[in-house]
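A.B. asks: Line by line, the protein sequences are chains P and Y.
Per our numbering, numbering of the first sequence is gapless, rising by one per residue and ending at 488.
Per our numbering, numbering of the second sequence is gapless, rising by one per residue and ending at 334.
If you are wondering where the hints come from, they were derived from the structure by calculation, not from laboratory data.
Keep in mind it's a predicted model, so treat the numbers as computed, not measured.
Accuracy of the hints is not assured; some may be wrong.
[Claimed, not checked] Calculated lysine to aspartate or glutamate pairs in the EDC-like style (CA-CA distance at most 20 Å, straight line):
#, chain 1, residue 1, chain 2, residue 2
1, Y, Lys252, Y, Glu238
2, P, Lys279, Y, Glu68
3, P, Lys57, Y, Glu106
4, Y, Lys119, P, Glu77
5, P, Lys57, Y, Glu109
6, P, Lys251, Y, Glu94
7, P, Lys192, Y, Glu157
8, P, Lys251, Y, Glu58
9, P, Lys363, P, Asp130
10, P, Lys279, Y, Glu157
11, P, Lys251, Y, Glu106
12, P, Lys452, P, Glu149
13, P, Lys222, P, Asp451
14, P, Lys279, Y, Asp311
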Amino acid sequence: MEKTIELPLFSSYEYNSNFYDELFSKNNEVREIYKTLFKLFSQYSVNEFNSLNERAKESFFNLGITFQVYGENSVQEKIFPFDLFPRIIEEKEWINIEKGVLQRSKALNHFLWDLYHDQKIIKQGIVPLDLISSSENFIEQMKGLDPPEGIYNHISGTDLIKHSDGNYYVLEDNIRCPSGVSYVVGNRTAVKHALFGIFNKYNTHRVVDYGANLLEIMESVKPKGVDNPVCVIITPGVYNSAYYEHSFLAKQMGIDLVEGRDLFVENDFVYKQTIYGPKKVDVIYRRIDDLFIDPLAFRPDSLLGVPGLFSVYQKGNVCLVNAPGTGVADDKAIYTYLPEIIKYYLDEDSILSNVHTYHCSRKNELSYVLENIDKLVIKPVDESGGYGISIGNKLTKAEIQKVRDTVKANPRKYIAQPIMSLSTHPTYIEETRSFEPRHVDLRTFTLLGKDKEYVLKGGLSRVALRKGNLIVNSSQGGGSKDTWVLKS
Amino acid sequence: MLARVANNLFWMGRYIERSEHLARYLNVNYFSSLDAPNELSQSSDFVLRSIMFMASGEIIDSKINLKEEDVLFNVGLNTEKSYSIKQSFNAAYENARSSRDLISTELFESINRINHSIKNYDPEAFVKNGLYDFTTMITKSTAEIRSKIKGTLLHDETYAIIMLGIYLERALQVTLIINSKCSDASVEKNEYKGTLLEDGSHVWSTLLKCAFSYDMMRRLYKKTPIKKNTLEFLILNEDCPRSIKNSLNQTKKYIGILAKHQKITPKSAAFLIGKINCEFEYKQIDDIEENIEEFISDLINKLVVIGEKLDDNYFKVTNHIPKTNELTPQIQKQ
Numbered sequence: 001m002e003k004t005i006e007l008p009l010f011s012s013y014e015y016n017s018n019f020y021d022e023l024f025s026k027n028n029e030v031r032e033i034y035k036t037l038f039k040l041f042s043q044y045s046v047n048e049f050n051s052l053n054e055r056a057k058e059s060f061f062n063l064g065i066t067f068q069v070y071g072e073n074s075v076q077e078k079i080f081p082f083d084l085f086p087r088i089i090e091e092k093e094w095i096n097i098e099k100g101v102l103q104r105s106k107a108l109n110h111f112l113w114d115l116y117h118d119q120k121i122i123k124q125g126i127v128p129l130d131l132i133s134s135s136e137n138f139i140e141q142m143k144g145l146d147p148p149e150g151i152y153n154h155i156s157g158t159d160l161i162k163h164s165d166g167n168y169y170v171l172e173d174n175i176r177c178p179s180g181v182s183y184v185v186g187n188r189t190a191v192k193h194a195l196f197g198i199f200n201k202y203n204t205h206r207v208v209d210y211g212a213n214l215l216e217i218m219e220s221v222k223p224k225g226v227d228n229p230v231c232v233i234i235t236p237g238v239y240n241s242a243y244y245e246h247s248f249l250a251k252q253m254g255i256d257l258v259e260g261r262d263l264f265v266e267n268d269f270v271y272k273q274t275i276y277g278p279k280k281v282d283v284i285y286r287r288i289d290d291l292f293i294d295p296l297a298f299r300p301d302s303l304l305g306v307p308g309l310f311s312v313y314q315k316g317n318v319c320l321v322n323a324p325g326t327g328v329a330d331d332k333a334i335y336t337y338l339p340e341i342i343k344y345y346l347d348e349d350s351i352l353s354n355v356h357t358y359h360c361s362r363k364n365e366l367s368y369v370l371e372n373i374d375k376l377v378i379k380p381v382d383e384s385g386g387y388g389i390s391i392g393n394k395l396t397k398a399e400i401q402k403v404r405d406t407v408k409a410n411p412r413k414y415i416a417q418p419i420m421s422l423s424t425h426p427t428y429i430e431e432t433r434s435f436e437p438r439h440v441d442l443r444t445f446t447l448l449g450k451d452k453e454y455v456l457k458g459g460l461s462r463v464a465l466r467k468g469n470l471i472v473n474s475s476q477g478g479g480s481k482d483t484w485v486l487k488s
Numbered sequence: 001m002l003a004r005v006a007n008n009l010f011w012m013g014r015y016i017e018r019s020e021h022l023a024r025y026l027n028v029n030y031f032s033s034l035d036a037p038n039e040l041s042q043s044s045d046f047v048l049r050s051i052m053f054m055a056s057g058e059i060i061d062s063k064i065n066l067k068e069e070d071v072l073f074n075v076g077l078n079t080e081k082s083y084s085i086k087q088s089f090n091a092a093y094e095n096a097r098s099s100r101d102l103i104s105t106e107l108f109e110s111i112n113r114i115n116h117s118i119k120n121y122d123p124e125a126f127v128k129n130g131l132y133d134f135t136t137m138i139t140k141s142t143a144e145i146r147s148k149i150k151g152t153l154l155h156d157e158t159y160a161i162i163m164l165g166i167y168l169e170r171a172l173q174v175t176l177i178i179n180s181k182c183s184d185a186s187v188e189k190n191e192y193k194g195t196l197l198e199d200g201s202h203v204w205s206t207l208l209k210c211a212f213s214y215d216m217m218r219r220l221y222k223k224t225p226i227k228k229n230t231l232e233f234l235i236l237n238e239d240c241p242r243s244i245k246n247s248l249n250q251t252k253k254y255i256g257i258l259a260k261h262q263k264i265t266p267k268s269a270a271f272l273i274g275k276i277n278c279e280f281e282y283k284q285i286d287d288i289e290e291n292i293e294e295f296i297s298d299l300i301n302k303l304v305v306i307g308e309k310l311d312d313n314y315f316k317v318t319n320h321i322p323k324t325n326e327l328t329p330q331i332q333k334q
């Protein structure tokens, strides 16, 4: 049933009751936590809000919170789309999320240790061996290697959605190089500037302490025998789409942002080249994929990495954050075993629910998937950024057949999930100069270190800007929102 | 500080300073020609050649007919000309971007915003009626950036490196401006063969204005600018913030911060900067004026060598390839 709300900025707000709308309840009322915010936004004329929105965009542009699009003859600089209407999460709801994502991160860390050591979970038949042996992200060289303080996934990004039943479900875990945290802080700054008075009415947890916590985590996993570790972030360079984030984090932590060419290996240690000569480096937060970190150990054609770095890591003289080989555990096929993995290592039930997932590698599940593609989302197990996803109900018959053939040809590479009803949230649409409901998810950021754990109270709400679209990734045209976790 | 990033910061400082000097030269020369005292210095061709000489270092063949719109576009906004203000500022921006984790948010925001303004400046409007507006915007913007450098950064090695870039470039740019105006004066002198007013004060006033130094020179000397007092002020006055001597003094101050824990060896950048400062301490304008071309050529060479030494001493990033037999990772067998 379609409902229409009559307000100037919300005149086009027609939410669909098949989805959980974060602003309006099913009986057409503004939810309690949004009432003050809704009142504020309702006071703006369309022109006033439009100019507020333009100023916020300008501030992003001037601060260089941008990415570059390379055309044939020119380079265009663009901001990541940002929406001024924040998402609000009550503390009691957040506590559950926080416990849930922390539980997953810890369980994944145990799982990684086990995979690269005794593989008990496989021997006991809880996770099938073929999922591991067929994973492109399993790194043989990591077998038997003990990362400093036993931590593999120092940084985890967990993607959650709110389903039509009002509950959160985990879409996927990202434990390679999860990105987006700089936008959490950037979004908060933009909202503070635009709506400064509103924070007196909403007691919100701060997000600016992420950098300080990340540095503590990095320092906690220093190699043995080091008192005051020298930490750095390694970036592929200024042309990487996440370069803003890399420089933002380096600035927040007050550490050097290095490129591969700034580091070198000598006598089993890693050094950075400074104006006063070489200086030893102890902990490296690497924003370079596994295969590119060291041309001697992995891809020989990599120009981004540091020759010999992995050898130093093997000798325990440098810590890499996250550890190489974590990608094997955020494979979307492994995801389906997370409840069992949590039970096995922590002896706990999973706090957050998974979305039901069909393994195309299992014969009976494969036949169901092939017969029901129009009702499912088909995902490659090892891609990120929303690439390679097919949403069944948006496909033509010919496209369905094409997906069917692709899955049949390589079933291990795909999983399928029911088309989930991502919640909708009011989002300002420039073309109509009004708020319209758009689907959102939530990426949380969890840190694990020696005797320390931390979850950023907020996370990144990603929004699919095209009407009806369910893919929220920025690489697929998605935007983001500030996310407020209220203090009780 | 990383050597690569130090190099970025050094060149950020240099390109910011270079953009400003180019913009001011373009502005002052073009507009001062409108009330120049004789036909030659009023002529558009004479002014355009002077601008091209300063910007690109090229002496344009007298047979080539220069078009005003082309010259203004090339020096102002042509991205295909490495000497254009747009290219120069963009190089400052790219260097700032590569070191943005080390500089303040406020400083980067200014550089980024100004770069966007330059990038989006309409070339047609610029060559038709935007020359004053554009060049004034550049000089105001670079002043804003310098103020952010001074007011928002720690006055440590990072700051010292940026300031070294700024002052080394300032010394070079003022030298090039003097060279260009001395060349203009020489052309005028040949053209009018002594019929010119004593030393042609217009060209020296223009030179002083190009270096933001006209008012202070008049205040100090209380005389019409002539060749000798102008050169003395711009080369040897240590209180004039745009003089070569002042710029060299500043480079000495900042190399001192950078090299404070290092032994100064002969041929190091710190040694060469110290040496050139000593030479300037005892220079007389009479010696310089007599052989100004030789003086300028020698000074430019010395500034280039100092730049190269700074690169050798602080900014070098070398490729270290470890021996592969030592570093091939041990693959543990199952």
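A.B. asks: Each hint needs a verdict: does it hold in this structure or not?
C.D. replies: Going down the list of hints, with the structure as the test:
no., hint, result
1, Y:Lys252 to Y:Glu238, "holds, 13 Å"
2, P:Lys279 to Y:Glu68, "violated, 54 Å"
3, P:Lys57 to Y:Glu106, "holds, 17 Å"
4, Y:Lys119 to P:Glu77, "holds, 11 Å"
5, P:Lys57 to Y:Glu109, "holds, 14 Å"
6, P:Lys251 to Y:Glu94, "holds, 17 Å"
7, P:Lys192 to Y:Glu157, "violated, 34 Å"
8, P:Lys251 to Y:Glu58, "violated, 42 Å"
9, P:Lys363 to P:Asp130, "holds, 14 Å"
10, P:Lys279 to Y:Glu157, "holds, 16 Å"
11, P:Lys251 to Y:Glu106, "holds, 13 Å"
12, P:Lys452 to P:Glu149, "holds, 11 Å"
13, P:Lys222 to P:Asp451, "holds, 13 Å"
14, P:Lys279 to Y:Asp311, "holds, 19 Å"
Of the numbered hints listed earlier, those contradicted by the structure are 2, 7 and 8.
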